[in-house]
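Place chain W on chain U using the hints.
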Amino acid sequence: MIQFQNVSKIFALGNTALDDVSFTIEDNEFVFLVGPSGAGKTTILKLLLHEYYPTSGDITVNDLQISPKKIPHVELLRRKIGMVFQDFKTLSDRNVFDNIALSLKVIGMPTNQIKQMVMETLELVGLPEKEFLYPAQLSAGELQRVAIARAIIGDRKIILADEPTGNLDPKTTWEIMRILKKLEGKKTFLIATHNTDIVNSLKKRVLVMKNGKLVKDLKKGGYEI
Amino acid sequence: MRDILASIKRTPYQSIAAFLVLFFTILLSTALFMSLSFLFGFLSQVETRPQVVIFFQSKTSENDIFKLKDELMSTGKLSSIKYISKKDAFNIYKQSNKNTPLLMEMTPQDLLPASLELNAKQPSYLPEIADHIKNKAGVDEVQFNKDIFEKLLSLTSAIRKISFVLFGYLIFMSIMVFATIILFKIALKKEEIEVLRLLGASNFYVRKPFLKEGIFFGFATAVLSFLVIIATLLYFSSAITHYLKGTSRLTFTIASYMFQIWPISPDFMLLTLALACAFGMIIAFIASFIATSKYLGR
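Going down the list, the sequences are from chains U and W.
So for the first sequence, our numbering puts the first residue at 251; every next one is plus one.
So for the second sequence, our numbering puts the first residue at 7; every next one is plus one.
Derived by calculation from the structure, the hints in this document are not laboratory data.
Where is the CB? At the ideal position from N, CA and C, for every residue including glycine.
Among these hints, one or two may not hold up.
As the list claims (entries may be wrong) - Simulated crosslink set (DSS-like; lysine-lysine; CA at most 25 Å straight-line):
1. W:K300 x U:K320
2. U:K365 x W:K214
3. W:K142 x U:K330
To be verified - Taking beta-carbon pairs under 7 Å as the criterion, some of the chain U residues facing chain W (in silico):
4. R328
5. V356
6. M359
7. E379
8. E381
Here chain U stands alone, though its shape is the one from the complex:
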């Protein structure tokens, strides 16, 4: 469960990124986070990864209090979270297999288990037999699948996505969403997006942000700002 309680984030130069934001996301929920640029969507995701810490308020992830500036073993929190970026953040000098395996290597999983799990995940994201290709040999859609595979593999129960379809054409966007939908009910999803089509079509819970405030929390909402 993810819980934000009266969370505010004010940066050093005085700009307010979040202003008294509160919400709760239950386990295995599928939630969209929408709002114009600068509304605070990315800040929420970064707070969840403890890249930032809140100026005030409390953030809890699976009963772990992550509000303090320094939390012990931040890596243990991040091992529960998979992150998908708009710009994929795949490593160009490693092939598809190694990019995905990285997610398991950092937690110290044995090599023989890694191979099997990576192959299964490649199958799930629709990239079988592409494990030896390098990022430069893949299309944008394929790169995002690699990024998704890296985020969902293993025991990562929370998947955060920051504009995962921002760089993709409509057809590929839907393919990516279909992959994420396959995992609905198995993992918690919090997807920050501008894509009205997807949000309106999927009819999932929507958190609407504006000027750092949570202005709407729609249970089966569409895209509205």
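Same frame as chain U, now just chain W:
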């Protein structure tokens, strides 16, 4: 090993720079160690020679000499004391002049005086011992090369101090340069490190490749430096042998284990290699650790 080679391939120029800096440091340090070993070998050889020789008057009886010998030993400042009788002295003289039989015929057997050869536990005891003996009854002459010993002592002390400063400077310089190069490498791998950290990699996991690479560089440069120095020594071996004419072997002792420095022995070579490797790996490890700590601490 595969990871290390891959990392070197990803940042080849930084790797070459790191390797060259470390190689320069280890080469100089190993050469310095070798030079100091030779110097201390010389010093210990000089120390094995009698430091003070007491010559007695002809009328002094052996009993009086032995009394003095016991008295000197009881001071606890001597490591050894050797009695050379008139007969022994003549035999030594005979041995060293065996090619001039005419001279031998003209030399009476009791011409040479009896003597005591003294070695002190510490060279600093020597002036005091020499002064103490001078005024003893029956003593004819005390030979003590005070100046030479004092010069030798001050020289070794100065060399030791200079070596420490030089070693310190080399270590500091190489750690700083190596750490800076590793920081460059980290900057080039910034995105990779960012991804690793977001995936939940521990600080140690992020550090590990840099530390492994550093240790590998330390080891490789140490082996290369060692080979260069051994090759140089072998190349100049005839010149060194000529220079050391009259010195059959040089040794020095560490923790009661005696190493033969010249002619170069396998155990001394092994010691040099081990020290060079340890030195290189420790320097590279510390530098890599500092660089990664600086980055991860942000």
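A quick look at each hint next to the structure:
no., hint, result
1, W:K300 x U:K320, "holds, 17 Å"
2, U:K365 x W:K214, "holds, 22 Å"
3, W:K142 x U:K330, "violated, 90 Å"
4, R328, "holds, 4 Å"
5, V356, "holds, 4 Å"
6, M359, "violated, 12 Å"
7, E379, "violated, 24 Å"
8, E381, "violated, 17 Å"
Violated hints for the displayed structure, listed by number in ascending order: 3, 6, 7 and 8.
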